[in-house]
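**Student:** Please work from the sequences and hints to get the whole structure.
Using full-length UniProt numbering, you'd call the opening residue of the sequence shown number 1 and step up by one each time.
Hints should not be assumed to be uniformly reliable.
BS3-like cross-link-like pairs, simulated, lysine-lysine; straight-line CA separation at most 30 Å [said to hold, decoys possible]: (1) Lys141 with Lys47; (2) Lys256 with Lys47; (3) Lys47 with Lys139.
Cβ pair distances, simulated, as ranges [what the hints assert, rightly or not]: (4) Tyr124 with Arg273: 24 to 34 Å; (5) Leu268 with Ala207: 21 to 31 Å; (6) Leu159 with Leu268: 47 to 57 Å; (7) Phe282 with Ile136: 29 to 39 Å; (8) Thr251 with Val23: 41 to 51 Å; (9) Gly151 with Tyr124: 20 to 30 Å; (10) Lys262 with Val130: 50 to 60 Å; (11) Phe282 with Leu112: 40 to 50 Å; (12) Arg257 with Lys47: 42 to 52 Å.
Honestly, the hints are just simulated from the structure, not real lab data. Note that the structure is predicted; figures quoted are calculated from it, not measured. The C-beta atom is built at its ideal place from N, Cα and C for all residues, glycine as well.
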Amino acid sequence: MLTAFAIVLGGVGLMPYDPGQIVWTVFFASICCYLFNWFFVILFHAKQNPESRWITALILALVIGPISGAQGALVLFVASFVAMGSKYVLAYERRHIFNPAAIGIITAAFFLGQGASWWIGNVYMIPMIVIGGLVIAYKIKRLMMVGVFVGVFITATALLAGVSWASFAVGWRTLINVPAFTPALFFAFVMLVEPLTSPQDNRLRYAYASFVATLGVGYGFFAGTAPYTLELALLSGNIFNRAFLFSPLITLHLRKREEVAKDVISFLFEPSRPVSFLPGQFMQWELPHRHADSRG
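**Tutor:** Spelled out as structure tokens, the structure:
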């Protein structure tokens with residue numbers, strides 16, 4: 001949806017990119033992510049989430065920027081390779097540690113001197129980013145997490161701007177300068193909320209969102225890493241999540257299978273570790289089988 005809207009804006013001259021460039025970038029990123037994901041799945045004999053490679057490809061295409069030459073293609077190539085590889089190499093208990101797109105972008109920037117342009121943060125993209133983002137956040141139950149991040153990020157940015165210039169007016173103008181926060185909106189709705197690299201508990205999600213937002217502002221003001229503050233903040237948050245907020249996977253081992261009635265079979269599983277829960281909580285679990293659909 002975002003890609004299609006960007007193509008339309010490019011066609012009417014509201015985006016500084018040719019629609020053909022945008023289409024080629026998305027296609028190239030998709031091919032790279034598909035091939036590299038296929039390679040690492042075979043290399044590590046791993047299970048895969050088919051949707052993940054396409055999501056990562058779209059994020060890379062929308063953040064790195066439309067490519068028009070060999071250098072841009074190389075950046076996207078390297079970012080795709082690292083993004084896909086990180087899901088299988090930099091993993092703990094069968095879950096990747098870092099947001100694939102973020103670590104791919106940072107790696108490309110470090111080795112090639114070029115990473116994210118955040119071209120998707122165009123002022124004309126705001127309506128579609130917000131509408132599409134709200135749908136995504138609602139679907140995966142991360143609306144409040146996004147709200148906390150955006151609130152902390154904008155407030156901290158305005159406060160630091162006001163303090164730096166010793167001017168309330170500067171802080172206020174920063175606060176109401178909505179277009180300046182468009183990249184942060186896309187980041188919050190699409191990258192921050194990735195389920196596998198963010199906490200599962202609601203309260204921990206809010207702490208995580210606040211932590212990433214604070215670092216995102218702090219890196220820009222105090223560390224001089226403005227071009228990649230959001231990516232660095234997210235990777236730092238990923239480490240924080242694994243170190244202090246991580247909920248390990250539970251493996252269920254089949255211990256008993258019993259037919260209790262006609263066409264009714266009871267399965268008894270033993271968890272790999274003790275499970276604590278409250279009434280009303282539910283468990284999301286995966287059962288591998290030969291005829292898995294697109295959702296496993």
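**Student:** Now tell me, hint by hint, if it's right for this structure.
**Tutor:** Now for the hints, and whether the structure bears them out:
At roughly 25 Å between alpha-carbon atoms, Lys141 and Lys47 fall within 30 Å of each other, so this suggested pair holds. For the given pair, Lys256 sits about 25 Å from Lys47 by alpha-carbon distance, which is consistent with the 30 Å threshold. For a cut-off of 30 Å, the pair hint linking Lys47 to Lys139 stands: about 24 Å separates their Cα positions. At about 50 Å, the CB distance of Tyr124 to Arg273 disagrees with the hint of 24 to 34 Å.
As the Cβ distance of Leu268 to Ala207 is approximately 37 Å, the hint placing it in 21 to 31 Å is violated. Taking 47 to 57 Å as the suggested C-beta distance range, the pair Leu159 and Leu268 conforms, at roughly 56 Å. Between Phe282 and Ile136 the Cβ separation comes to about 21 Å, which falls outside the hinted range of 29 to 39 Å. Judged by the Cβ atoms, the range 41 to 51 Å given for Thr251 and Val23 holds: they are separated by roughly 43 Å.
Checked against the hint of 20 to 30 Å, the C-beta distance between Gly151 and Tyr124 comes to roughly 24 Å, which is consistent with it. Taken as a hint, the range 50 to 60 Å holds for the pair Lys262 and Val130, whose Cβ atoms sit roughly 53 Å apart. At about 44 Å, the beta-carbon gap between Phe282 and Leu112 stays in the expected band of 40 to 50 Å. Distance hint check for Arg257 and Lys47: the Cβ-Cβ separation is about 23 Å, which falls outside the suggested range of 42 to 52 Å.
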